[in-house]
Every structure is written in structure tokens, then in C-alpha cells.
Amino acid sequence: MPRLEEEQWYDDDAGRLVRPFLVTRGRTAPTVELDLLSLVQSTGAVEPTKLDLDHAHALQLCTMKISVAEVAGLMRLPATVTKVLLADLIDAGALLAHEPLPAADPEDLKMLEALLHGLQQRF
Amino acid sequence: MAYNNDSDSRSAPVGIKLLIAGGFGVGKTTFVGAVSEITPVTTEETLTVASIGTDDLRDIKDKTTTTVAMDFGRLTLDDSYVLYLFGMPGQERFWSMWNEMSDGALAAVVLTDTRRLGDCFSAIDFFEHRRIPFIVALNSFDDAPVYEIAEVRAALDLPSHVPVVHCDARESRSSAQVLVSLVRYLLTSATHMSRSTTSLGAGQ
Ligand SMILES: Nc1nc2c(ncn2[C@@H]2O[C@H](COP(=O)(O)OP(=O)(O)OP(=O)(O)O)[C@@H](O)[C@H]2O)c(=O)[nH]1
Ligand SMILES: [Mg+2]
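As you go down the protein sequences, you meet chains S and U in turn. Going by the working numbering, the letters in the first sequence line up with residues 141 to 263, in that order. Going by the working numbering, the letters in the second sequence line up with residues -3 to 200, in that order.
Please note: incorrect hints may appear among the correct ones.
To be verified - One-sided excerpt, in silico: chain U residues whose CB lies under 8 Å from chain S: (1) I12; (2) E41; (3) Y80; (4) R89; (5) G100; (6) V161.
Please keep in mind that the hints were generated in silico from the structure rather than gathered at the bench. Yeah, the Cβ is synthetic: ideal placement off N, Cα and C, and Gly gets one too.
All chains should be modelled from the sequences, with the hints used to inform the complete structure.
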């Protein structure tokens, strides 16, 4: 299990390109395979207060099922870095990962009609 | 069918992924934000790129880091479908990232600025190469020259079936209308496909 406790990775002088590297301590490959559209959700088993700031922040964003892309954007971190953080949390039992929603079939007329209808209805 | 009590059919919704592409500063982030139900999130992607101009292979370790942004937006259509919008980074040198982002994508919008039409060539090439259906949307910048759709089509060397539409990415309705045009185009193509399949099946 990764050690997440009591580690601070903030450095006011560090540039934007440096900080993501520190956040993941230089690791670039997540231990769990995550897609940009994979969905993650907190298990409630780990208290955010027990984690360092970045992991705690990520965990707090995942109270509802949320996509990896959205977490990355909200944290203002590169997707690759976000995937490493989220994989840590999954390893620690703090998060559960779900497969991305199944991708739409381009020849599915019912889906295309629903998309057309939904867009026309909303705007 | 208005009701369906089959519990299996109430499973997870399907994700519909659309791409918003185009050159630098053409309005991709604005477009995603205009349609998304969440505040669009822009991710800074840090890419490591081997520096160009070194012919010595021992210099391969000399890599530079580049930052490139990706936009993400979402629109829940109903219980069955969720629309995801991905704004792709403008620079064509990020083809590997374009590849990753376009996995499973249904279709794309290529945004263009008529002051710099050539900026969207690489996006068009990319979607043609990947066989991802796309339409072209002309974003209306105030001081941009006004072209006839036919002129743009000719300048971009587009096949006649690819729709070209006008839009103002700052307006939700206008951006949504572009997506409506895109879906209509997909419906037409899909209908053609199933017709030709049917006629083939009939022994034509
Ligand atoms: N007049 C006008 N301005 C627009 C339109 N769409 C976007 N803009 C403006 O153009 C500027 C650039 O828009 P962005 O959405 O940031 O463009 P982008 O393609 O995301 O830019 P990069 O990510 O830097 O490549 C912003 O100031 C927008 O407000 C449009 O349709 N008309
Ligand atoms: Mg942008």
C-alpha cells in the first residue's frame, strides 16, 4: 500500500511543470489502468484528512461517480498525473474504479435520434 | 415504447464522445464551454518531446517538456445517453495525443477561423486518416473576411458530402446548432449505409 500520510508536496517557488512531478514523486505509470473516461468513486473507507493535500483533494472530488478527465480538470493537473494519484487512492482502498460508459455505436440510429432530440430540446 | 420494466435495460448509460478540433485560438475551449453542463475543465497535459534538430542519437535523453491543453465538457441527455465533449489541443505535433483522445469518438467538429483557414488542414487530414466523420464550422470573428460556404469548401478541398456551417462559439444555441448539424449528417450517412447494406443483401 502506498504511503500517503503526512507528505506535503507544495513548493511555492516550483513551476507548474515541476509540481505535477512532485505530486507523483516522479512516477509516471499508474498501477491501475485508467481511461480518461473511467469513472471513480470514493468508498468512504479512507478519511481525506489522513492523506496529503493532493490525494485528499482528489478523493474529495470523488464523492459522486466522476470521470478521470473531470478530476484532472478540476485539479488543474495533467491527466497522466491525475491517473497516478487516483491509482494510489484505488490501491489504498479509498476509491473504486468503474469501466467507462460503453462507447456509442456510430451506426446506432436510436442513439443518433436521441442525441439529436436531446440537443434540440436543450438549446 | 414508453415503459420498459426489464431491469436489464436500465443499466448504465452509453457515452457519446465528440471531438472539437481546430487550430490555435480558434474557439475550441469556448465551444466546449457553450454546450457543457459542467464548467468545462481544461487539463494541462505535460508532454515530453524529444528535441528536434539533434541528429546524434546519444542526445535522445535530451528531452524538452511541453505543455498542451485539452478541454473536457459533459452533457447528460437522458437516462440512456451522456455526451462527452473533448476539445483537442491545436498543435498538430500532438498527433499521438489526438490518437489517444479520439479512441471511441463518434464524430468531430473542425472549427475554423476564416482569417487563418490553413490552420485546420492538419485536423481535417487527421480525421480523414482515422475515418472519423466530421463537419467544418466557421467561427465568426468580428474582423474576419466573410466567405461563401462554397469558397471555403473549395479552399479546404472538402468532399461535397461534408457539411460546412457558420457558428459563433460564444453562443450556446449556435454551438449546439453545430452539433445538431453534425448529428443530422451522421444520421444521413447511417441511413445511406443501412440502405446500401439492404440492397446488397437483396442480391444487387
Ligand atoms: N468574435 C468571436 N470570438 C470568439 C468566438 N469564439 C471564440 N472567440 C474568442 O476567441 C478567443 C479564443 O477562444 P478559445 O476558446 O480560447 O480558443 P481555443 O481554440 O480554445 O484556443 P487554444 O486552446 O489556445 O488553441 C477567446 O477570446 C474567445 O472569446 C467567436 O465565435 N466569435
Ligand atoms: Mg483552448
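Okay, the hints, checked on the actual structure:
1. At a threshold of 8 Å, the smallest CB-CB gap from I12(U) to chain S is about 4 Å, leaving the interface hint in force.
2. About 5 Å separates the beta-carbon of E41(U) from the nearest beta-carbon of chain S, less than 8 Å, and the hint is met.
3. For the restraint placing Y80(U) at the interface with chain S, the shortest Cβ-Cβ distance is roughly 6 Å, inside the 8 Å limit, so the hint holds.
4. Taking 8 Å as the C-beta contact cut-off toward chain S, the hint placing R89(U) at the interface is violated, the least distance being around 17 Å.
5. Given the 8 Å rule on beta carbons, the hint for G100(U) holds: about 4 Å separates it from the nearest Cβ of chain S.
6. The closest approach between the C-beta of V161(U) and any C-beta of chain S is roughly 14 Å, which is over the 8 Å cut-off, so the hint fails.
In summary, the structure is inconsistent with hints 4 and 6 from the numbered list given earlier, while agreeing with the others.
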